[in-house]
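*Asks:* Each chain, letter by letter, is given below.
4 protein chains.
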Amino acid sequence: MSSSTGENLKLTIFGQSHSPAIGMTLEGIPAGQRIDFDALSAFLKRRAPGQSALSTPRKEADAPEFLCGILNGYTCGAPITAIIRNTNTRSSDYEAFKNVPRPGHADYTAQVKYNGFQDRSGGGHFSGRLTAPLCIAGGLIIQLLKLEGISVLSRIRSIGDIYDEGELTEDISYKSFPTVSDEAGARMQALILDLKAKGDSVGGVVECILTGVPAGIGDPMFGGLENRISQTVFGIPAVKGIEFGAGFESARLLGSVNNDPFAYEDGRVVTATNNSGGILGGISDGMPIVFKAAFKPTPSIALRQQSVNLSDHTAACLEISGRHDPCIVPRALPCVESAAAIAIYDALLSRRKEA
Amino acid sequence: MSSSTGENLKLTIFGQSHSPAIGMTLEGIPAGQRIDFDALSAFLKRRAPGQSALSTPRKEADAPEFLCGILNGYTCGAPITAIIRNTNTRSSDYEAFKNVPRPGHADYTAQVKYNGFQDRSGGGHFSGRLTAPLCIAGGLIIQLLKLEGISVLSRIRSIGDIYDEGELTEDISYKSFPTVSDEAGARMQALILDLKAKGDSVGGVVECILTGVPAGIGDPMFGGLENRISQTVFGIPAVKGIEFGAGFESARLLGSVNNDPFAYEDGRVVTATNNSGGILGGISDGMPIVFKAAFKPTPSIALRQQSVNLSDHTAACLEISGRHDPCIVPRALPCVESAAAIAIYDALLSRRKEA
Amino acid sequence: MSSSTGENLKLTIFGQSHSPAIGMTLEGIPAGQRIDFDALSAFLKRRAPGQSALSTPRKEADAPEFLCGILNGYTCGAPITAIIRNTNTRSSDYEAFKNVPRPGHADYTAQVKYNGFQDRSGGGHFSGRLTAPLCIAGGLIIQLLKLEGISVLSRIRSIGDIYDEGELTEDISYKSFPTVSDEAGARMQALILDLKAKGDSVGGVVECILTGVPAGIGDPMFGGLENRISQTVFGIPAVKGIEFGAGFESARLLGSVNNDPFAYEDGRVVTATNNSGGILGGISDGMPIVFKAAFKPTPSIALRQQSVNLSDHTAACLEISGRHDPCIVPRALPCVESAAAIAIYDALLSRRKEA
Amino acid sequence: MSSSTGENLKLTIFGQSHSPAIGMTLEGIPAGQRIDFDALSAFLKRRAPGQSALSTPRKEADAPEFLCGILNGYTCGAPITAIIRNTNTRSSDYEAFKNVPRPGHADYTAQVKYNGFQDRSGGGHFSGRLTAPLCIAGGLIIQLLKLEGISVLSRIRSIGDIYDEGELTEDISYKSFPTVSDEAGARMQALILDLKAKGDSVGGVVECILTGVPAGIGDPMFGGLENRISQTVFGIPAVKGIEFGAGFESARLLGSVNNDPFAYEDGRVVTATNNSGGILGGISDGMPIVFKAAFKPTPSIALRQQSVNLSDHTAACLEISGRHDPCIVPRALPCVESAAAIAIYDALLSRRKEA
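Chains as they are written, first to last, in my numbering: chain E, 688 to 1042; chain W, 688 to 1042; chain G, 688 to 1042; chain P, 688 to 1042.
None of these hints come from the bench; they were simulated from the model.
Treat the numbers as computed from the prediction; the structure is a model and nothing was measured.
All C-beta atoms, glycine included, are put in the ideal place defined by N, C-alpha and C.
One or more of the hints may lead you astray.
Label pairs and their computed distance ranges (CB to CB) [what the hints assert, rightly or not]: (1) W:Gly719 with E:Gly760: 53 to 59 angstroms; (2) P:His1000 with W:Gly803: 39 to 45 angstroms; (3) W:Ser1008 with E:Gly760: 58 to 64 angstroms.
Produce the complete structure using the sequences and hints provided.
*Replies:* Now the structure itself:
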């Protein structure tokens, strides 16, 4: 556990925000899978910072160097390792926080856990930058899922109190701000820019849908799809909640309403509604897997905040001057897709053992 | 994964609703821990069915027999196995569903996964009855946590649209219907009884709080407390969502509001608010760990439902006549506490390795 | 780890020699596998004590009770748990050793590890009796391997200085003393009876061969067949060495002799010799998997031995009066077969993920 | 499993002989451990090729680049990743073997397993070169063990039929050919050079001793020290056997001889002999942990060998012209030490959880 995950697939993510490099190792991908590096590149670009006024000006190519595991464009069965060199880092930005933990960040908890030996710079191993290797793994796996007929879609479901109503039915990742309603998206962007100007930040919700997952994927109890997906999705910094299908709403419903009636459609079992989010007893029922992840607002804000000085045990004030996203949600979409894809692919591998 | 969980602690849950026995094996509890069987018994009683008009009339002693691992009242270091014999089962109740999967249940997904070889009777391995061994493990571990100064509290936060406002600050497990507000509790019970009379069911939300967890517990990324707790809590049938601290609400907040300011109190670092639910970067910050789990309504309802006949591929209607809880939430409290305790104790064991 | 093993298959063994029961849980067996309980019974009988003058007079039916996981003779996909009740135990035999650890046993190391809380009686969790649940798991899995065309053979290769020369080419498990040469077997039995009369014991070597394992099973590095098999075989008490193919002998050979030349036979790649024991780079090459396991002599001997008294830190003498096998090797054959079968079946499940 | 190992410590080894880089990630090392890079360098040099007439002329600096996990010379708690760039590779040497698997190598088994997509060049992921990252991990961990008072010693116990008699009692790693008897060492070297001239190779045995391991380390059954050490040691290519203490010899002994009598020495429990190799019931007894690993002769020999052509299913001859060690054993010492150190350190971390 910790920086590794997976039952059949083993993903290890390594690196700190300002260490020489960050990267990932992915073990368990069958040999002979063709890798489309252009598709991967396009996928990673969706997460990359510095692309619009909405995100941090830190510019990173985020171009992964593959060290092993892929030969002539095909996986060779050996572990796949890719790294991204860290450049354009400004560690001095963080010197001021050495003894004054930033509220909402892992500074204080890392200090306690690692007894002061943690890498503080840029948040160290806790930095959102570590989602770049997550997206390398996810980008590769999404390609493999596509070959099995599985698509991974996502959208910004809400920013603050602004909701993207309507249903997500197709891939809208080509949009620079992926909401179903462009009008809602425009209001969200205005809100984010407004908060940026005020030095504040805001949270939001990402919705993710996996279509084409065959029925029978997942395991009972602790190996259910909810368990597996939440285990990877909470690996993304700032996620504080997750719900499947109707989720928290289903807690308010009657059984007669929440139960999804079965029916045959083109000789295939479907459900008339999908309050279960495509998962019954931890196992896929053939309907789309639907879940939402709640992101807290970026903890790095420019406003003056109250904290403590850990060296002299006094109260302290803090103003963070670094470059930060006023809202992490737009860049989080490929991260959520990656986490879901990793979990589902691992469950797919488990399914093969039952054949 | 699947019916086993844990990194340092290994918990395996086995059995089907109507197999000769159900049970659990717990590996990794240090030797020399004193076990209070009376306290365990009292804990298990909170989950046991047949205690009030609110729950299924199936009566079960749920008295575990310990087969090994405990000697003269102390753990001996060997794996602990306890079983509960299944009695008072009425398998014939389920014969009718053989080819007609019950909506909201794992009948259909188990059929696909196990190709018809699954134990259908009483839901088989997917039955809520399997939470009894979960509570044996949880009940033991809650005793161990108490010795470390950690308490596990819970309450019914909502049933349908009725909310238990006010804050949970003390153990209210002595209440037969554990809400902070007895008035809210009375309204919830009335709603449940009303729905029972109508043959319907309703969902709800459980809030769980762990106090006394020292700062520094948990690991980065996939080993965070959110990951760990969600991985076990989703092992409870019917859970469809989980949120930590302000959770989904934090997605609507500004960073300046959501960030929990640090302060010193009696020489100890605390936060003025606890929107993070006591977890930053996956690691405890010393404040109470707070989370909520959403339970869908019991899928077994007496009302007529639409389903399919898997043998002849036609539409089919279904009426379920068995004995079922109109709302599983009241009995789910010790299950949620157990799942959380197991996750936290496992993280505590991980912490010891860093010493 | 510890009392659990397996990557895809999860085997947990629980119990102490004199606890109410011992048993095992096996998770990961696909649903729909037919179980032959008579064959299992016959297999377990090979390990059972009290069958001849060679072994301990403790009589045990060793008849497993299956608590779950098998329905109408077929695996149902849920974890399989079976237990054996402990009866005919004479704990008082062990009272004398409470503070005087028996040489060659785990008494002293368990005392240090569990700080005196271990179950001393009959060796507790370290007892050879725990190989009974190992053989339940092994017996089930050997049936599954047979369906894949894989047979598991074994023989007593040596007892003390007496060797069973000749090659093991067929199943000789029907023999009460399974050696290829009955004459060698007779001499071994005479030696054992002689040592029994003298209150002494002797070790030996078991050879195990798995035929029909297809090429391509196993993984590089830490997941090789040697790693996997040794990991389970050393789980049998008293095993102190293992070698594959020519093993230690190959350390004395020239490369030109040790290398197994490839050839085609009936359109299939074979090797002219099998010094590698059917494993190259951790992966099966289609030739028989061959390994030998060295068993130390039973540490329980009737002769007076030198030890210490842990309570008063003095030297102490010890005479063990209990009932013990003068040579464990004959009864160890099904244990070795089980350990090998478990490892190979787990590797077979891994192989399916690559399809 | 596979290219990852460890229960508390997670080691992942990645790379192929001729991929851009090879490397390792080590997760689970507590924060705040001081790393001595000079000591690591000296350790790695013992494994490096091209140092004497005995080994392959392929020259490699084998200088690891640390990408993360170490800050200002101290571990920071995040995963440690180090890589070694592959240079000085001559892939064309291997083109000839594309369809003609080299006897004794993983060529054929990899072909079957990876369906032709494996990286053949230099043996790919199966190359002995992958022991370099193993030694990075081992070199780091040996430093940590030293702080706990644990030393890891090794020697060449035999090459072919030449034995290094006498006992290993001190660190002889400073010797260029580490045998206790320099005379025996000289004869071994002469044998190796003679075989090199003949284009042949030879195997040998490495003995490894860990002193200072406290009693109580290790777990019962599948988590015993024998299981753990063999699981990592068989990760070194060419190892075909392992034995602990008297090992295979103990199979020939009487119990009265093999049992190690306990005694008090300076208030500490010791054993008069150490036939158990310091391990009873899988757990350390405080005596030195002693084991031997058998290495088969290097399969790459210059002599003409018999093989098959996998493309046209015919017999084929093979002459290997690359640069290879006529005997891998001298360079294998730090690999064996590393594997043992990794296993023991992991068991030490497990032990901490019992406190």
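*Asks:* Could you tell me which of the numbered hints above are not met by this structure, giving the numbers in increasing order?
*Replies:* none
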